[in-house]
Amino acid sequence: MSDWLERHVPKMVLAPSFAAILLFVYGFIAWTGWISFTKSRLLPKYEIIGTLQYERLFISPRWDTALNNLFIFGALFIIISMILGLILAIMLDQKIRTEGVLRTIYLYPMALSMIVTGTAWKWILNPGLGIESVVRGWGYESFSFDWLVNPEYAIYTVVIAGVWQASGFVMALFLAGLRSVDEEIIKAAQVDGIPTSRIYSAIIIPSMAPIFLSSFIVLAHLAIKSFDLVIALTGGGPGYATDLPATYMYTMAFSRGDIGQAASSAMVMMLVVFAIVVPYLYSELRAKND
Amino acid sequence: MTDFISNPDAKHKSGKATKIALRWFLLLLLLIFALYYLMPLFVMVTTSLKSLEEIRTGSLVALPREVTFDAWKTAWSGACTGIQCQGLQPYFWNSILIAVPAVFLSTLFGAMNGYIIAHWKFKGANLIFSMMLFGCFIPFQVVILPMARVLGMMGLAGSIQGLIFVHVIYGLGFTTLFFRNYYVSIPGELVKAAKVDGAGFFRIFWSIFLPLSLPIIVVTVIWQFTQIWNDFLFGVSFSQAGTQPITVALNNIVNSTTGVKEYNVDMAAAIIAALPTLFVYVVAGKYFIRGLTAGSVKG
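Taken in order, these protein sequences are the chains called F and S. Just so you know, the first sequence maps onto residues 1 to 290 in the working numbering. Just so you know, the second sequence maps onto residues 1001 to 1299 in the working numbering.
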């Protein structure tokens, strides 16, 4: 009896967590998926009627804006954060004496809540008393910087704040990558008289491909989930000019009382995440098991 | 890796002066970047110490002419979040009440799960692990609607307990991952030897694994605390007036439309909301970074 118990204790200890994940992750995804194929509005209805919600979603100009914004924000956020992170990492890698302090400074925004970041940048970028008035105070009277309240440019302020928050983290990833490159190869290249820039472009950076991939995954994931930053910085406005899928979903779920739209937009978000993450996770897990 | 710019063995020997100039240039660039990252914090702190009058007439980047802590007092105990005007104070405690039990429970479960998946493999354990890992990645929007209903059914709608529950559930994936990856490096022979000596499942965990776990516990606790303290989506979706976490309250203060816009109070409130996680970062930065990188370079 005690032998049987001993053999099954691990399963029993793991069981509650597994059950929770099964129900609250997979069960809930299934529920949301189901609802996205029904006529649900204020209350969930369980009768499947087809792809009506998705059709409504894709003719909605607001969803169109949200997807467009995700594309603009995602692309710029990922590219700029990666370039900035890589440059900072390479510069910090030149045996800088104050590296520890600088690293701490570059990375601290990652410890902040997106709401705090949004609040700070909303103040800095506000056209009345922010950067605009600072530059005007320096004598450039006609300087204008009103992106925050300009429907056409407001999404770029989200990029500014997002990059500020996440680029230090990319720097940390790249720095760890630079440090793990085989020193012997670099020494050999130096002895052969290969210039530094070439050593970076031909040896070091290509060997960091996995780090590029994982920073891409992390940043893409952050971009798709971005919700708090937009809420705090622009509130999705002016109008719905800076809506992202995450804020669209929230608005439908909690202010418009349109569960069907909320569910279908959430499902689209999940599909986008899966399209990026699944191949990555699959290859990672397989590499580990081999 | 070796540095290049100051490396005397480099074949292209440039003049010493050029080298020194280059290094100063590099340092200057690094400092400019440091200013860029510090600027928002600087602006937040100085704005929070100015009077409204000075904010309107002065410059964003100027130091306060007259330092006043009035804005901090208002932010802590007087600012309005909608109709209530108690400042951030009650919400600060809400966040503590949510974070402490949620961090403790999710770390505890993560440790047990990781221990089992790393050393008590049974058929299907790997599949379970993959499924949990996957749970880390889902956009939470996809679980919000059903979770709101389930919390209602459990009688936890809008309560602190409900938020603790949600944070524990959706933290499990990460905590399990952290502990599993850490425990995998502990040799299995140790477990076998202990079994031969008659030690059981819990005994082995308690006397062999737990004493070795301090670093990963620190990493996990920091990661979970930061995630939960900074959470906004769950907080805004599953709380009600009175149980809101600090991030939601901060957002309400900043976007409250009644009265004069008090920028200094907004900034003081933002700093108060940021202080706990900033403190953790400054005190235990090494572990914070380890959590970040472990959470991103998965497998």
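No lab work stands behind these hints: they were computed from the structure. All C-beta atoms in this analysis are idealised placements derived from N, C-alpha and C, irrespective of residue type, glycine included. Misleading hints may appear alongside valid ones.
What the hints assert, rightly or not - Result set (BS3-like, lysine-lysine): computed pairs, CA atoms no more than 30 Å apart in a straight line: (1) 11(F) with 1286(S); (2) 1121(S) with 1192(S); (3) 1195(S) with 1121(S); (4) 95(F) with 11(F); (5) 1261(S) with 187(F); (6) 95(F) with 1123(S); (7) 1019(S) with 95(F); (8) 95(F) with 1192(S); (9) 1073(S) with 11(F); (10) 1123(S) with 1073(S); (11) 1073(S) with 187(F); (12) 1123(S) with 1195(S); (13) 1016(S) with 11(F); (14) 1261(S) with 1073(S); (15) 11(F) with 1123(S).
Stated by the list, open to error - Simulated coverage check for chain F against chain S, where a stretch passes if three residues somewhere in it have a Cβ under 8 Å from a Cβ of chain S: (16) 5-12; (17) 221-234.
Said to hold, decoys possible - Far from chain F, by Cβ distances over 12 Å, these chain S residues were calculated: (18) 1023; (19) 1066; (20) 1068; (21) 1090; (22) 1093; (23) 1097; (24) 1148; (25) 1186; (26) 1189; (27) 1192; (28) 1213; (29) 1214; (30) 1229; (31) 1241; (32) 1243.
Outcome of the hint check:
1. 11(F) with 1286(S): Roughly 34 Å between the alpha carbons, so the hint for residue 11(F) and residue 1286(S) is violated.
2. 1121(S) with 1192(S): holds, 13 Å
3. 1195(S) with 1121(S): The hint holds at about 15 Å.
4. 95(F) with 11(F): violated, 50 Å
5. 1261(S) with 187(F): violated, 59 Å
6. 95(F) with 1123(S): Distance of about 49 Å is beyond 30 Å: violated.
7. 1019(S) with 95(F): holds, 14 Å
8. 95(F) with 1192(S): violated, 45 Å
9. 1073(S) with 11(F): violated, 53 Å
10. 1123(S) with 1073(S): Between residue 1123(S) and residue 1073(S) the Cα gap is close to 58 Å, so the pair fails against 30 Å, i.e. violated.
11. 1073(S) with 187(F): violated, 58 Å
12. 1123(S) with 1195(S): holds, 20 Å
13. 1016(S) with 11(F): violated, 67 Å
14. 1261(S) with 1073(S): holds, 16 Å
15. 11(F) with 1123(S): With a Cα-Cα distance of about 10 Å, the restraint between residue 11(F) and residue 1123(S) holds, given a limit of 30 Å.
16. 5-12: Since three or more residues must qualify, the claim that chain S covers the segment 5-12 of chain F holds, with 4 doing so at under 8 Å.
17. 221-234: It holds, with 7 qualifying residues against the three required.
18. 1023: The claim breaks: residue 1023(S) does not keep its Cβ more than 12 Å from every Cβ of chain F (closest is about 8 Å).
19. 1066: Non-interface label on residue 1066(S) holds, nearest chain F Cβ at 18 Å vs cutoff 12 Å.
20. 1068: holds, 18 Å
21. 1090: holds, 17 Å
22. 1093: Nearest chain F Cβ is 17 Å from residue 1093(S), so the label holds.
23. 1097: Fine: 17 Å to the nearest Cβ keeps residue 1097(S) off the interface.
24. 1148: Residue 1148(S) is in fact no farther than 12 Å from some Cβ atom of chain F, at 8 Å.
25. 1186: holds, 16 Å
26. 1189: It holds; residue 1189(S) is separated from chain F by about 18 Å at its closest Cβ, greater than 12 Å.
27. 1192: Residue 1192(S) is indeed farther than 12 Å from all Cβ atoms of chain F, at 14 Å.
28. 1213: With a cut-off of 12 Å, residue 1213(S) remains clear of chain F, as the shortest Cβ separation is near 16 Å.
29. 1214: Residue 1214(S) is indeed farther than 12 Å from all Cβ atoms of chain F, at 22 Å.
30. 1229: Per Cβ check, residue 1229(S) is inside 12 Å of chain F; nearest 7 Å; violated.
31. 1241: Its Cβ never comes within 12 Å of chain F, the nearest being 15 Å, so this holds.
32. 1243: Correct as stated: the minimum Cβ-Cβ distance to chain F is 16 Å, above 12 Å.
Of the hints listed earlier, those the structure fails to meet are numbers 1, 4, 5, 6, 8, 9, 10, 11, 13, 18, 24, 30, in rising order.
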